[in-house]
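2 protein chains.
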Amino acid sequence: MIETYLLEQLDAVARCGTLLAASEELHITQPSMSRAMKKLEDLIGVELFEHRGNRLVLNDYGRIAADYARRILDSQEEMVTRIRMLERSRRTILLGSCAPGPLFELPSILSSLYPDRTISTEVRDEESLLKDLEQRVYQMIILIHKPDDPTICTHPCGSEHLYFSLPKEHRLAGEKAVRFSDMDGESFLMASEVGVWDAVHRLIPNARYLRQGDIGSLREVVRSSTMPSFVTDLTLRLYGLDDSRTAVPISDPEARMTYWCCCRKEDEKRYLRWFQALERRY
Amino acid sequence: MIETYLLEQLDAVARCGTLLAASEELHITQPSMSRAMKKLEDLIGVELFEHRGNRLVLNDYGRIAADYARRILDSQEEMVTRIRMLERSRRTILLGSCAPGPLFELPSILSSLYPDRTISTEVRDEESLLKDLEQRVYQMIILIHKPDDPTICTHPCGSEHLYFSLPKEHRLAGEKAVRFSDMDGESFLMASEVGVWDAVHRLIPNARYLRQGDIGSLREVVRSSTMPSFVTDLTLRLYGLDDSRTAVPISDPEARMTYWCCCRKEDEKRYLRWFQALERRY
DNA sequence: ATGCCTTACGTTATACGTAATTATT
DNA sequence: AATAATTACGTATAACGTAAGGCAT
Numbered sequence: 173m174i175e176t177y178l179l180e181q182l183d184a185v186a187r188c189g190t191l192l193a194a195s196e197e198l199h200i201t202q203p204s205m206s207r208a209m210k211k212l213e214d215l216i217g218v219e220l221f222e223h224r225g226n227r228l229v230l231n232d233y234g235r236i237a238a239d240y241a242r243r244i245l246d247s248q249e250e251m252v253t254r255i256r257m258l259e260r261s262r263r264t265i266l267l268g269s270c271a272p273g274p275l276f277e278l279p280s281i282l283s284s285l286y287p288d289r290t291i292s293t294e295v296r297d298e299e300s301l302l303k304d305l306e307q308r309v310y311q312m313i314i315l316i317h318k319p320d321d322p323t324i325c326t327h328p329c330g331s332e333h334l335y336f337s338l339p340k341e342h343r344l345a346g347e348k349a350v351r352f353s354d355m356d357g358e359s360f361l362m363a364s365e366v367g368v369w370d371a372v373h374r375l376i377p378n379a380r381y382l383r384q385g386d387i388g389s390l391r392e393v394v395r396s397s398t399m400p401s402f403v404t405d406l407t408l409r410l411y412g413l414d415d416s417r418t419a420v421p422i423s424d425p426e427a428r429m430t431y432w433c434c435c436r437k438e439d440e441k442r443y444l445r446w447f448q449a450l451e452r453r454y
Numbered sequence: 173m174i175e176t177y178l179l180e181q182l183d184a185v186a187r188c189g190t191l192l193a194a195s196e197e198l199h200i201t202q203p204s205m206s207r208a209m210k211k212l213e214d215l216i217g218v219e220l221f222e223h224r225g226n227r228l229v230l231n232d233y234g235r236i237a238a239d240y241a242r243r244i245l246d247s248q249e250e251m252v253t254r255i256r257m258l259e260r261s262r263r264t265i266l267l268g269s270c271a272p273g274p275l276f277e278l279p280s281i282l283s284s285l286y287p288d289r290t291i292s293t294e295v296r297d298e299e300s301l302l303k304d305l306e307q308r309v310y311q312m313i314i315l316i317h318k319p320d321d322p323t324i325c326t327h328p329c330g331s332e333h334l335y336f337s338l339p340k341e342h343r344l345a346g347e348k349a350v351r352f353s354d355m356d357g358e359s360f361l362m363a364s365e366v367g368v369w370d371a372v373h374r375l376i377p378n379a380r381y382l383r384q385g386d387i388g389s390l391r392e393v394v395r396s397s398t399m400p401s402f403v404t405d406l407t408l409r410l411y412g413l414d415d416s417r418t419a420v421p422i423s424d425p426e427a428r429m430t431y432w433c434c435c436r437k438e439d440e441k442r443y444l445r446w447f448q449a450l451e452r453r454y
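Just so you know, the sequences run in chain order A and B.
Counting from 173, one number per residue, gives the positions in the first sequence under this note's numbering.
Counting from 173, one number per residue, gives the positions in the second sequence under this note's numbering.
Keep in mind the hints are simulated off the structure, nothing from the lab.
Careful, some of the hints might be misleading.
Copies of the same chain look alike in the list, so a pair counts if it works inside one copy or between any two.
Calculated cross-link-like contacts (lysine to aspartate or glutamate; reagent style DMTMM-like; alpha-carbon spacing at most 20 angstroms) [unchecked claim]:
| hint | residue 1 | residue 2 |
| --- | --- | --- |
| 1 | Lys441 | Glu196 |
| 2 | Lys303 | Asp424 |
| 3 | Lys303 | Glu341 |
| 4 | Lys211 | Glu259 |
| 5 | Lys210 | Asp246 |
| 6 | Lys211 | Glu175 |
| 7 | Lys210 | Glu175 |
| 8 | Lys211 | Glu392 |
Predicted model, so just to flag it, every value in this text is computed and none were measured.
Let's have the full structure, built from the sequences with the hints guiding it.
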């Protein structure tokens with residue numbers, strides 16, 4: 173049987189052109205290289221090199237052997253990375269969501285139910301989420317549209333309602349409820365990553381947005397500003413509201429999102445406790 | 173990098189079910205096996221086995237690894253056999269022929285022109301010969317039909333004429349020439365391997381044949397028998413004819429074969445001297 | 001002389017075997 | 001008790017590095 177180090181060295185020679193260059197790439201000495209190539213020839217029983225001047229070049233057989241070597245090494249590489257990736261994905265739950273809101277509280281619940289697994293989250297658009305759920309990139313995803321794919325199972329996992337966060341001095345701060353159109357032409361502070369809410373914000377005519385990266389720094393900016401902004405019932409529960417501001421509910425139907433937690437049908441049993449917890453909660 | 177012996181041992185474990193059985197198959201000890209599997213797990217960084225009772229069984233990752241191992245080992249096997257076969261085929265000239273006649277003298281001429289190469293010969297049907305010429309099984313083949321494939325080049329290499337070998341007492345022994353039909357209903361001694369001549373012999377109505385394996389033993393049987401048999405100009409040149417017999421030419425056109433020596437176009441230059449020798453001779 | 005490969009020799013790493021131990025049936 | 005795997009230890013194979021030699025350009 174031909175050991176891998178021989179194929180590795182052959183591959184290096186094929187790529188580098190000389191034994192010396194190859195030996196330097198692999199951080200071994202020329203004699204080692206020389207011996208290895210001779211050993212390969214012995215094992216196969218066919219000469220793989222021809223002497224051309226003072227250098228050694230692969231002959232037809234050597235080139236064939238080098239091609240095989242490359243493929244075999246690639247195959248080994250693929251083997252270890254695939255197994256490592258697979259094992260990693262089984263130790264972690266990657267939860268994708270079409271909006272940040274559901275990721276405020278759900279990950280910690282997941283974490284308490286599956287303490288031996290790492291929970292990671294990502295916000296992306298629904299189409300990508302669904303595709304990568306099927307591709308096993310995600311273990312679970314949260315959407316606002318129930319997918320009608322029979323290989324995917326769906327459970328309700330809460331909702332989110334959008335409010336204007338207005339300084340107390342704002343002309344509409346005293347209202348019970350307002351509509352998007354009431355804020356026509358105003359400028360808003362908002363988070364840059366809001367997922368599906370992006371489409372909703374566009375419902376305000378002639379609005380302008382100043383987007384701030386993460387929610388933490390957004391809150392700092394909002395605190396020291398009199399610009400209108402947005403909050404939801406979920407952000408309120410998590411962070412509360414500045415004393416200087418009022419949260420005015422938005423009455424348009426688009427201001428309410430209903431979330432669905434989806435996983436592959438085959439995984440439904442695996443996450444049974446999770447879905448039971450969702451049932452109780454919502 | 174993962175050395176081949178580890179993959180070999182993993183493959184054996186996957187096939188045998190236990191480390192013990194696998195170690196026996198490979199003629200090594202259990203501890204060696206045990207260490208190797210642990211080493212594999214260390215290198216990949218993922219556990220490949222689960223303890224079930226007092227035995228070790230592959231888990232999902234282990235099975236994936238074993239699949240890769242099998243493929244990689246197969247690939248290595250393929251590499252060495254392919255290179256060996258290729259090298260062997262370049263050291264030998266495998267000459268196929270649709271009839272034994274051309275193989276009486278041509279191989280020794282080939283051998284004198286290419287003294288460093290081994291000459292092997294085979295008699296097979298034209299269709300198989302042509303297919304395996306393209307598949308590089310044969311370096312050259314001899315046919316009775318000029319193939320019209322443009323990737324194949326063709327040179328005449330002689331002809332062969334069939335005679336009846338008749339005991340002097342035979343009713344037709346004195347004839348200048350006879351036809352197949354003149355021998356209607358007779359029984360013949362003949363060689364079992366005659367290639368394309370097989371079809372010709374069937375032209376004699378109601379004939380019966382007693383076939384003898386090799387030409388040597390056929391000649392022995394013929395010598396001590398009064399049954400009609402066959403010879404050709406080529407066998408006559410090689411072996412002569414028994415004193416007790418006469419060779420009567422067969423006048424049917426099917427009794428004459430014209431031979432063509434074919435090789436792949438790409439090899440024509442390689443065998444130039446050979447084809448020049450054929451030109452001079454025929 | 002210089003660049004590249006090979007040979008010879010001593011060292012080290014490591015895969016292996018033996019023997020004893022643990023764990024499960 | 002029997003079967004299977006593991007641990008501990010010593011051994012031997014063989015891959016490697018160093019140093020010297022060969023053979024081209």
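Violations among the numbered hints, reported as their numbers in ascending order: 1, 2, 3, 5, 8
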